[in-house]
Every structure is written in structure tokens, then in C-alpha cells.
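Letter by letter, the chains look like this.
2 protein chains.
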Amino acid sequence: MAPSAQSLPTSVSDEKYANVKWEELGFGFCRTDNMYVAKCKHGESFQEGKIVPYADIQISPCSAVLNYGQGLYEGLKAYRTEDGRIVLFRPDQNALRLQSGANRLCMPYPTVDQFVSAVKQVVLANKKWIPPPGRGTLYIRPILFGSGPILGSLPVPEYTFTVFACPVGRYHKDNAGLNLKIEDKFRRAFPSGTGGVKSITNYSPVWITLAEAKAKGFSDVLFLDAATGKNVEELFASNVFIVKVEERVVPVEDLLDAEEVFCSGTAAIVTTIASVTFKEKKTEFKTGDKTLAAKLFATLTDIQMGRVEDKKGWIVELTDATKPGLKL
Amino acid sequence: MAPSAQSLPTSVSDEKYANVKWEELGFGFCRTDNMYVAKCKHGESFQEGKIVPYADIQISPCSAVLNYGQGLYEGLKAYRTEDGRIVLFRPDQNALRLQSGANRLCMPYPTVDQFVSAVKQVVLANKKWIPPPGRGTLYIRPILFGSGPILGSLPVPEYTFTVFACPVGRYHKDNAGLNLKIEDKFRRAFPSGTGGVKSITNYSPVWITLAEAKAKGFSDVLFLDAATGKNVEELFASNVFIVKVEERVVPVEDLLDAEEVFCSGTAAIVTTIASVTFKEKKTEFKTGDKTLAAKLFATLTDIQMGRVEDKKGWIVELTDATKPGLKL
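Protein chains in written order, with the working numbering: chain A, 1 to 328; chain B, 1001 to 1328.
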């Protein structure tokens, strides 16, 4: 349920907020004012790109991404704190993950500084689209893809790095906890595949099962590993945690025995899982204010919204001196 | 090595041939005059599209294909026969494969008639790019992808079906037979994945090993199955055949014991494999004029080039009455 907001003029406006019904904000596409674009030829490095009005991308019909799926995405958020600051949460970690994925998919990539600078510029150029505190966040979507034409053999002659942003509310609508389907047919990632990076090739192949699960009323799908079909991996777009279990391989049986289960992700934040259904059998878990998930959600969003001091150096603040177009 | 030909005016010219050095034709991208585009909204069916001048596609930065890899491709060829006809080879089979993949990736698709009509229109609108008999073929690339913006949840609001074409020579340059690396780390397809359809997500994830093998002088990579790592699957863009082995699961040992091995595909046609290298050990096979591969290559191309009668109904001829823009 994207908001009904239409696009506004592309200059950075003095109005504080865009014309969005913030109370109806879901997690969906919403056209904003500006985006960042940088291009890079094969054998060269990414140079500083520029902020341009949000518009369709022009791309070769024979481009690597359209024909062979050479693309990565990232997702992070800008937060408007209660005392009026605009902050990011650990954007350098997104830059590093993009770099790792680019190596896996044979692409050049922006430096960490270029990446963080691009994200900052996009946030400032779409400042009025950042929801008021407590009403949502500005979701930032960097994408890196093979834009040059290729038929048959490598190399790809051109790559594009683009960053755009949309205001979003909660990703999962089930505030009382998610009801998951444990997928027992489709697998998502396999050893030596691309499960370790944020490749676009990891998503559309499992839409078929997500769509089917949602049609049956489930909140999301929990995937098992491809090698054995017995161990817990992740939800469609978030990690999964089981309370009192360390970071290790988790057989489905351990999940079904758990007291509390939750998921986390940039979009999902921290969300309680109320139940999982495996081969038609439903198992329920602890929900409500007394869960660890509720405490973690409060702590994390308190840090992100500036209500609690950040002692880890996770918050990156955008100041008035951070102007679009300048090297940050 | 794409030919150096530049794009020419977009009207269908009376000149018989484009300005291409046919004798230097490799298998690579070459810009031609016209392409076909059809779009379809979610919940609707594809209607007849149209031929437009070849140009970049305009696509949402938040499109399903750029962000989540929702795309398929097909590949087929138009042949100029020695008696001056222009023919296709079993294009309905490509249409059916596209439909199967579209179901897998949750996309609507053109009918078989729409698909074949689009291919015919693209060939006729780029007629002068079809190489002279014996000098190559016109490679036709239909692509189907999620072009509408999506963030978070389905459905994708718009899909695009595009067909373009490039004149090509042989895909593999090693006429004496291919020297393959048997990949012993990276896998390509896994049970319940997308290996059974021509999804764009099957390609870029294995470029890393193809690039490494080519850098070491190998012609191509032979993949083993993800489930066991012991059985033969396919090359990067073609099937593999072992002479005197029926269609069944083929352990690597059976491959190493074979007398003759070859691969096939729209791009590869039928190509002899001279050797495979598995964990640093090279095994050689029969090559030359006396191979079954040489006979099959001759028979297949004789049918495609009109030198031998087609008794199977595989050839689809394009006549002068087949005008672009008309329903065929």
C-alpha cells in the first residue's frame, strides 16, 4: 500500500514536509524528487556521480542486468530524530556488503566514502520526504548493475550505481507477531551460490512461494537450507533469531521447541514471530510487551531516533554543512 | 569481438546487406535498426506490441528486474538459406520455454502466436542484418521482465516484452574442439531453483568462474550438480552430450571414460569438446571430421540453411507477405 502522494517539483524545497498522509504510510514504492547516478566504464573506477531529478533510467536492451541478472541492491534508512536531526545507521556496513557482492558478480564498485556520500546526498535532496519522528523512515535504495550491452562473452562495457529513496512505514503489517510458513519445497540459497551477497538473483526466484504463502494468509516465508532441507535459514527479507540459541546451524526441530522467535532486517527492524507452520502443523511462540524482541525493538529504535545515546558509533548525522554535490 | 558496424537509419532499407565485415563476425553485441516492444499491466494480458527504432529502454529505477532480478531471456536465430529464403528454426519451442519460465517467476507472458509474430517482425525489420549464407546468422533475443516499480510486496504493476537482434558468427572460437574446465567449487542450479527455466538469475552468478576459466585459456566451464557435486550438468550456455550414453544422470567418471563428447545450444550449434580438466587433470576426447558431432552439425545446419529437406516441420519460412506491424 504505497501512499497516494504524487511527485513534486525537483528542486530542494524549503517546505519541511512533502504532501504525504504519513499516518497511512506503508512499505511500498513512492516517487520522490531526486536520485543519484554514477557510471563507470569497464577497466575504470567509479568517479563522483551527481544528483539528478528522479526519472526512468535509460538502459540498453542488451544490458547485462536485463539479460543476465548482473545486479545488487542495498537497503538502509534515514531517521528524523525527535530533536530534529537527520541520521543514518551504520551506512559504511552497507557499502562494505555492496563491495563484497560486486566482487562476487564481477563488477567494479564505489568506495565506502563514495557510497556514504551518495546516500547522504540523496537524503538531503529528498529531505522533505523523511517522515516525522515516529511516523516512518526514509528508505534508501542503492543499486549497482551492469548497464552496458553484452552478448556472449565478458566483459560488460559499463556499470551504473544509482541511489533513490522512498518514505516507508512498517514492512510487516502484523503488529501482534508474524505467522510464518516454513517452506518445504522451494529453497533459496545453496553452497557456492549467491546467498552470501545481496544479489538481485536471490529474490524473484522465490516470489512464487511468497505469493502463495501470502495468498493463504501467512505473513512471510521461512526458508530451509538447500543442502539438507532440514536447517533454518532466513525469511524473505530478514534474518531470524531464536531466543536462547547461539549463532549456529539450527535444525527445524530446535525452532519448533523455542520459547520466543523474532526476525530482523533494515525493513523488518525487529519483529516478533507469533507462529510457524511446517507441513500444515502450526507452532506458536511468545508474543507481546514482555518479549526480548519488544525490548530489542525499543532499544534499537531509541538509538536510531536519538532518544538514547549511541555509545557504539553507529549513528551518522547529516548536518546543514552536508550539501548535495560536495564531496562529503 | 563485436563487428565495428555502427547503427544505420531505422527505416527498412532496400539495400540487401548492412555495412558489416561479415568475414570478421564474432558472437557479440551489434546495434541493428529496429526492435519490438510490448507492455502489459498487472492483471491484464499482453496485446500486440510494435516495431520501434532500436533504442535504450526507459525503466523505473525501482523496477522489479533491476532490484529483484525478475527477468527471462530467449535466444533463437534467423537463417538466410542458399536459395534466398529467410527461415526460423522451431520458434514455437522458444515461446513455450518463455511461458514456462514466466510461470516460475510470476510474470504474464505473450501467447505463442504473439511471440512468433514478434520474432518475425524483428527479423523482417532488420533484414539486411541477416548475414549471407555460410557467414553467420541473425541472433534474436526476446526478453521478458518486470518493468514496473516495486518495493516490499507484490504485485509488480507492469511487465515488458522486448525482442531485438544482432548478426553473429560462431559462439565458440575453438574450431578444433573445446577445452573445458570442470568446475569443482561453484555450482549453478539446485533442486527447486530456477535451473529449469531461462531466468536471468542463472547467468551472472557464475560469470566469476567463467571469467577465471577463460583467463586460464579454457574454452568454457562444465558445471556439476549442486546436490552432490558428482554429476554432469551443462556448459555455461549449452547442453552436453556424451556419445553412447543415454539421457540419464551422468557421474563425472562416465564422462572421463567417454570416447566422444560434444555440446549443443542455439548459440553453440553442435560443437566438439576436445578435453575436460577436472581438479588439474586433463582428459582428451575424439575430435575431427569423423566424429558424430561433425555429422550432427552438418545435418542440422543443412536443414537450417535449406540444403536438406525439413521432414519434421522444424523450419518456419518468412515470406514477403509477412509484413512488420501486421498480425502474422
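Source of the hints: derived by calculation from the structure; they are not laboratory data. We put the CB at the ideal spot given by N, CA and C, even for glycine. The reader is advised that the hints may include incorrect statements.
Example chain B residues on the side facing chain A (calculated, C-beta under 10 Å, incomplete) [said to hold, decoys possible]:
no., residue
1, Ala1176
2, Pro1205
3, Ala1237
4, Phe1241
5, Lys1244
Here are the computed lysine-lysine pairs in the DSS-like style, where the Cα-Cα straight-line distance is at most 30 Å [claimed, not checked]:
no., chain 1, residue 1, chain 2, residue 2
6, B, Lys1173, A, Lys198
7, A, Lys128, A, Lys16
8, B, Lys1021, A, Lys173
9, A, Lys214, A, Lys281
10, B, Lys1021, A, Lys185
11, B, Lys1185, A, Lys185
12, A, Lys41, B, Lys1216
13, B, Lys1021, A, Lys230
14, B, Lys1041, A, Lys21
15, B, Lys1173, A, Lys41
16, B, Lys1230, A, Lys41
17, B, Lys1128, B, Lys1185
18, A, Lys41, B, Lys1214
19, A, Lys214, B, Lys1173
20, A, Lys198, B, Lys1185
21, A, Lys198, B, Lys1021
22, A, Lys16, A, Lys41
Violated hints, by number in ascending order, as checked against the structure: Result: hints 1, 4, 5, 6, 8, 10, 13, 16, 17, 19, 21 and 22 break, sorted rising.
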